[in-house]
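Enquirer: Here the protein sequences line up with chains L and R, keeping their order. Residue 163 in the UniProt record's numbering sits at position 163 of the first sequence, and the numbers go up by one each step. Residue 274 in the UniProt record's numbering sits at position 274 of the second sequence, and the numbers go up by one each step.
Treat the hints with care, as some may be off.
Partner residues aside, some chain R positions facing chain L, computed with beta carbon under 7 angstroms [what the hints assert, rightly or not]:
1) Val242
2) Leu261
3) Leu264
4) Val265
5) Gln272
6) Gly273
Hints were generated in silico from the structure; no laboratory data involved. All C-beta atoms in this analysis are idealised placements derived from N, C-alpha and C, irrespective of residue type, glycine included.
There are 2 protein chains.
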Amino acid sequence: MQMRFFTLTDYPVGLPDRTLFTLETQTLPELDEGEVRIRNRWLSVDPYMRGRMSGQRTYVAPFELGKPMEGGAVGEVIASKDAHFKEGDLVSHMGGWRDIAQLPASGVQKLPNIDVPEQAFLGVLGMPGMTAWAGLNLIAECQSSDKVLVSAASGAVGSLVVQLAKAKGCHVVGIAGAEHKLEWLASRGVEAVSYRNKNAEELERAIAQASPEGVDVYFENVGGICLEAALGQLNEHARIAVCGMIGSYNDTAPAPGPSNLSQLVVRKARMQGFIVADHWHRYADFLDEVGPQVAAGQIDYQETVEETLERTPDAFLALFEGANTGKMIVKL
Amino acid sequence: MQMRFFTLTDYPVGLPDRTLFTLETQTLPELDEGEVRIRNRWLSVDPYMRGRMSGQRTYVAPFELGKPMEGGAVGEVIASKDAHFKEGDLVSHMGGWRDIAQLPASGVQKLPNIDVPEQAFLGVLGMPGMTAWAGLNLIAECQSSDKVLVSAASGAVGSLVVQLAKAKGCHVVGIAGAEHKLEWLASRGVEAVSYRNKNAEELERAIAQASPEGVDVYFENVGGICLEAALGQLNEHARIAVCGMIGSYNDTAPAPGPSNLSQLVVRKARMQGFIVADHWHRYADFLDEVGPQVAAGQIDYQETVEETLERTPDAFLALFEGANTGKMIVKL
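Chain L with its partners taken away, still in its complex shape (with noise of 0.2 angstroms):
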């Protein structure tokens, strides 16, 4: 059986250029004991993966050039030499960036019995609405009290945060760009401001009247004029989760951080860095809270879907224009 996937041919400086991606084909070998085989049926692209084609490692490997590249998928097993997995089976796993995944079965989870469509176990029940939950609950503690605010608030991870926090009952503030982006947030109860041609002083009036009473919890996931803005409007005690700082992950040059980083030293204030892979033991707890939200449609979760494994390097790059809203996944 032949597998098509994509590879890297090179670590890219800045905005990865398309034709750094390769689709190949490869026949696949009998499977061995122990192993699924798997037709995926959808594919995760996520910001995250821009660190693993540095050819450093930080908190994950680098990908290897030359070779198939990994990601979050869905997909159906079709074969499997291992006693826990059947053929029509529906899974999720990390052999994504590619049509067929044949793996050990120790890195294939079935799908939970929740009544979703599938491709939410890779967006708001999955990876992005884990590290939503994850980030407000375990790192940045909030209480219903809480007057939150969250960057990239549209996103995969912060369109679900927004909604978490407003159904513990806080005051929500989401930061977007365009248009329609700006009118789902509000359409969610969370005030919408726009961080578009504004410098980082003007981005922060909009935060102090869109949350008079300032910020206790801030979800960072841009870094930038974002976080500038942020701090200077924190309450004392504010905590400061950060997922990511996706505008500067294509910088080619290092950009230089807030200028008001002491306002930590004056409002006593706590900013934690966190990946979701070390909080995972608690994805059960997650699922139990989130899941039946998901199923009884109380939380909007947006997707923008791609078609065709050739269009995964195209949904990919389109993270980076801000083109998604919601979680980014291609449907093959």
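Since the structure of chain L is provided, determine the placement of chain R on it from the hints.
Expert: Chain R only, in chain L's frame:
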């Protein structure tokens, strides 16, 4: 009775000019019920006081122009209309920047019964010492296996941080400038790193050499290139206790922050500002632990002593030139 005291005549921009501090004289009113009168013997000058000269409320109200300035002081009760104090009692209080203080007894503490020179309660066993202990233990949650980095490592706070960390058994690196400060650090078993004539990258290399196993705890007193260099060497789950950023206290324009803040995500690290006042309920725990070490001569606390009330502003301004080793105090 006359009180001589300093007032601030205007809020400075940048490094305060000596002429902004005016020595005034006032006749004290009769002692009220519940008040005590204290002849100050020692005055404290501290970097945080610069924040009170800004005209803006931060975590403490600004100094009022034309009113007696305030600060830590140690003195002897010379008159009391409060049952808890009698003439001859040695006390600490916040009525500094003056020779005679007349205060409500509620703001006055008797010196603890520990066999150390009285001025130690302005330094190693006072606010700076408590700051070091709280930052290291309560904020950074320092453990014996941690690799510890301290900026302004020979200062009033830093010099105690490095010794408390050494006493725990930690590997400790201290950043300082002047040769005699580096020598003092080395004499305490601390790996001394100079920031002089280095950019952030060069300082980071020097830290990497001095601490080949990275940095688990960074005690931040300076900001600027020290922070940027430290961020580059963090281990996973590192904790940064942000005590202050003296490097920027006199900036007239915002200076950019570190370009590598996203290391907080990569290293899943925490950066937390704190104010010692929030932790004062733990002062007895601090005294229990550190008091005996100081009394036994195990802690080498340095003092830089100016003399006479008139020189108080000069002592304060010298802090920003790095002129002090250890605690800067004024002897009256």
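Enquirer: Does each hint hold? Answer for all of them.
Expert: Each hint, compared with the structure:
{"no.": "1", "hint": "Val242", "verdict": "5 angstroms, holds"}
{"no.": "2", "hint": "Leu261", "verdict": "5 angstroms, holds"}
{"no.": "3", "hint": "Leu264", "verdict": "3 angstroms, holds"}
{"no.": "4", "hint": "Val265", "verdict": "4 angstroms, holds"}
{"no.": "5", "hint": "Gln272", "verdict": "4 angstroms, holds"}
{"no.": "6", "hint": "Gly273", "verdict": "4 angstroms, holds"}
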